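Can you build the whole structure from these sequences, using the hints too?
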Amino acid sequence: MPLDRIRNFSIIAHIDHGKSTLADRILELTHAVSSREMRAQLLDSMDLERERGITIKAQAVRVLWRDHQLNLIDTPGHVDFTYEVSRSLQACEGALLVVDAAQGIEAQTLANAYLALENNLEIIPVVNKIDLPQADPDGAAAQLAELLGVDAADVLRISAKTGQGVEDVLDAVVARIPAPSGEPDASARALIFDSSYDQYRGVVAFVRVVDGAFATREPLRAMALGTRFEAQELGFFAPAMRAAPTLAAGEVGYVITGLKDVSELRVGDTITSEHRSASEALPGYKDVKPMVFAGLFPTDSDAYPELRDALEKLKLNDAALMYEPETSNALGFGFRCGFLGLLHMEIVRERLEREFDLDLLVTAPNVAYRVKEKNGDWIEVHNPAEFPAEVEDVEEPYVRASIILPKEHVGAIMELNNERRGRFDHLEYLSTERVHLTYELPLAEIVLDYYDQLKSRSRGYASFDYDLVGFRPGELVRVDVLVGGEPVDALSLIVHREFAYTRGKMLVDKLREEIPRQMFDVAIQAAIGSRVIARETVKARRKDVLAKCYGGDITRKRKLIEKQKAGKKRMKQVGAVEVPQEAFLAVLNLGDTKQ
Amino acid sequence: MSGVRHLYVHLPFCARRCGYCDFVTSVGRESEHGRYVDALVAELALERDVLAPELETIFLGGGTPTFTQPDALARLLRALPPAEELTVEANPETMTPELAALLRDRGATRVSLGAQSFQPHLLQVLERRAQPDDVRRAFYRLRDANFDNVSLDLIYGIPGQSAADLERDLDHALALEPDHLSCYELEAKPGTRFTHTYGDELARQADALEGYFERVVERLTAAGYRWYETANFCRTGTRDFRARHNLAYWRGRDYLGLGTGAVSTLGDVRRRNLPGLARYVAALERGESPPRELEPLDAEVRARERVMLGLRLDEPLTVVGFERALDTAAVERLERLGLTTTAQGTLALTTRGRFLGGGVTAELLA
Chain A
187 MPLDRIRNFS
197 IIAHIDHGKS
207 TLADRILELT
217 HAVSSREMRA
227 QLLDSMDLER
237 ERGITIKAQA
247 VRVLWRDHQL
257 NLIDTPGHVD
267 FTYEVSRSLQ
277 ACEGALLVVD
287 AAQGIEAQTL
297 ANAYLALENN
307 LEIIPVVNKI
317 DLPQADPDGA
327 AAQLAELLGV
337 DAADVLRISA
347 KTGQGVEDVL
357 DAVVARIPAP
367 SGEPDASARA
377 LIFDSSYDQY
387 RGVVAFVRVV
397 DGAFATREPL
407 RAMALGTRFE
417 AQELGFFAPA
427 MRAAPTLAAG
437 EVGYVITGLK
447 DVSELRVGDT
457 ITSEHRSASE
467 ALPGYKDVKP
477 MVFAGLFPTD
487 SDAYPELRDA
497 LEKLKLNDAA
507 LMYEPETSNA
517 LGFGFRCGFL
527 GLLHMEIVRE
537 RLEREFDLDL
547 LVTAPNVAYR
557 VKEKNGDWIE
567 VHNPAEFPAE
577 VEDVEEPYVR
587 ASIILPKEHV
597 GAIMELNNER
607 RGRFDHLEYL
617 STERVHLTYE
627 LPLAEIVLDY
637 YDQLKSRSRG
647 YASFDYDLVG
657 FRPGELVRVD
667 VLVGGEPVDA
677 LSLIVHREFA
687 YTRGKMLVDK
697 LREEIPRQMF
707 DVAIQAAIGS
717 RVIARETVKA
727 RRKDVLAKCY
737 GGDITRKRKL
747 IEKQKAGKKR
757 MKQVGAVEVP
767 QEAFLAVLNL
777 GDTKQ
Chain B
27 MSGVRHLYVH
37 LPFCARRCGY
47 CDFVTSVGRE
57 SEHGRYVDAL
67 VAELALERDV
77 LAPELETIFL
87 GGGTPTFTQP
97 DALARLLRAL
107 PPAEELTVEA
117 NPETMTPELA
127 ALLRDRGATR
137 VSLGAQSFQP
147 HLLQVLERRA
157 QPDDVRRAFY
167 RLRDANFDNV
177 SLDLIYGIPG
187 QSAADLERDL
197 DHALALEPDH
207 LSCYELEAKP
217 GTRFTHTYGD
227 ELARQADALE
237 GYFERVVERL
247 TAAGYRWYET
257 ANFCRTGTRD
267 FRARHNLAYW
277 RGRDYLGLGT
287 GAVSTLGDVR
297 RRNLPGLARY
307 VAALERGESP
317 PRELEPLDAE
327 VRARERVMLG
337 LRLDEPLTVV
347 GFERALDTAA
357 VERLERLGLT
367 TTAQGTLALT
377 TRGRFLGGGV
387 TAELLA
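Chains as they are written, first to last, in my numbering: chain A, 187 to 781; chain B, 27 to 392.
Calculated from the structure, these hints are not laboratory results. Predicted, not measured: the structure shown is a model, and the values here were computed from it.
Stretches of chain B that chain A covers, calculated by requiring three or more beta carbons in the stretch to come under 8 Å of a beta carbon on chain A:
1) 236-246
2) 281-290
3) 326-333
4) 380-389
Each residue gets a CB set at the ideal place from its N, CA and C atoms; glycine is no exception.
Quick look at the structure:
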């Protein structure tokens, strides 16, 4: 296909504004799939995505429309995956920015629009759901026009659900989005914008060909890593995988590499041909660094190898996931995992539990800290247990939070942000009713149920997005929890000095409720270094006997004792104290519901 | 298997069932007493070879053995082999002077009287028929019949029982100067009518009840009784008033059990006659053994039981031979906590260890 007949685009939208429905309608309209085989929201292939109504993995589908090849590159729809959205956008020349006619602009609409603008994409504003009774297409269109500096008349008005206006969308893609620029005759270069792992065929790279062309069986090379492989199969998604002899400049498709190790191919790298090798790689992506960390431990310590295998498999399709072995005196062997954000963590956890049938204990999430030690060295700490007892300086990651909400909830949300050590940045009226608030907040304050609080205090109306803005100094201390004088590493946490007492007290109180009485008094303490800030005692049991035992019920009594014994074996031993797994679970859950 | 020197005989009949009871009992079948006793005698004949010619102990338990028709009871007593100790369980309201004399004449050496409490409101909760005066009267009648070894059963931890109630019960019991006392904390077994009615109240009382066991031990030992088993106390002095039959259980001896629901432990097997009066009687009338369920006991299980039972006693347990059943690390840990002591191949619980005997045993077992 000549370059001028190709259009590469994405759909970007706030969650639930109808991105997936629009994609489905486009596939239907272009006969990529018949209505009969149409599953709703076809592009979201993982069960989990379907259930949560979000898209995790980017995919690219090729359709034909009025003699043009349109490549629709799907993007994830959540704040944690901004970075993946950005990657997908780099493979496009344009984007459909979809806004719900009843909701108007939301926080992710803004974030996505800025991303598209940064990538120099042509943006086609679309107001969706105009069929809804409460729809206000004019209001939404005015907001979009204002945001993008375009004429409100250029804003398309559609209902992806009924199909109304969707043909106009496709026509606008052809008419308004520029054809890809590239040199069909130059040395071949393709950007890897995503990858996936197939257990039979190895690593599959999703690519946007920029210059030249690739052919099946051609020897290829990833330029940054130097990995050599053969294009075992080339093709595109329609929406099922369809093999093609070549992929040419401007086109989007897949390359089956046969590589068995996902680390041999990196997203953002450039693939070139060994025969006609390009001299310069395409601009890649910046490395994404996980900012949220948590320990993952199998509830049954025998399941450690299964957890390790499961993480390896997940990592194949999730480059952002990081993990390293962690040993906890309370929870045994597990992994310290790094995530892009809380949702990413939730998704990984659910996939481990659902797809791999693992029972997991997840510690309270924490962020990455930069710590200057007494010797003057800066180190990065991902685990409270490794936080040095004596520090010179501590820095924690901050975000710029962007919140859009009805004006009547502004007070409540400002109060929330103040409680969370937020620094007010900016307030702007988007319309007479809606306000855009920006704040700088420590990321640590967001990983603790901030989103739930935001939703509950705004009655569900506030939308939220954030960007990391770097590390800032913080008055942070490590609070340890000691049971019977022994520190429980899994319960250590890093908090702002001001919150140390309240949090320590809460942990100690909760543990006192959860730890069963033992044969001796058990002290439960929270401490900063050697200074105890909260203390409770679980009093020793005074009696524990089987009332009577005669000839008729020796067997039953023996079984009772054996059951009691088995119960003890399931307990985690902290020093001499037996702590049931559930106690940790309860305390860790407490971590989700601060204050 | 032969030479067994301990015999248990189960007499399941009761005037009515008490709410908290979970023994095998049978209510309102006075006409069946004779046939049942005949069946017992027949089972004894079938098992006679298991027993030694002369026994150390026989225990008639129930149900309410003394509720059994006197003729039938007398016939049973006549059929039993000679034994050094013959204990009969009795309910106070059944103890007439005639019955006391009959028991004495027929060789009973010891009576265990189910007093449970001396306070009307608690007896009512337990659904006992006897009133406090019945208990005292029964006790005196036994003494009048020359029983010099009488035991009282008390229950504590009854719903609604205050600390003062407990003191009063102990006062009344001690005033009778029994030779032996068994004091049990009420067990509200899940699923029983009793638990259904009183479970919530017991849960609310749990904190208060926790100290009752300690108090019982304090009072009885102060009155000169020996706390020789978790729930059992005996008068001290020149004579040993411990329940010899029960000591046999706690020392891991073999015993034969006769009657519906009765359990025997014979070497490497434990067997239990299945409950159900009718099929028990029917089998024996056909000249067959009653239907039974068997549980094999390997050396390891017997060793564990030996530890579990032996640690209920106030005498050190000889661990030689049972080492496999013990978790050595736990033994050391518990000793450091002051709950056990070890000396020359024996293991004993300290006083605090005895109050926590169940948990300590669970921890000690390998």
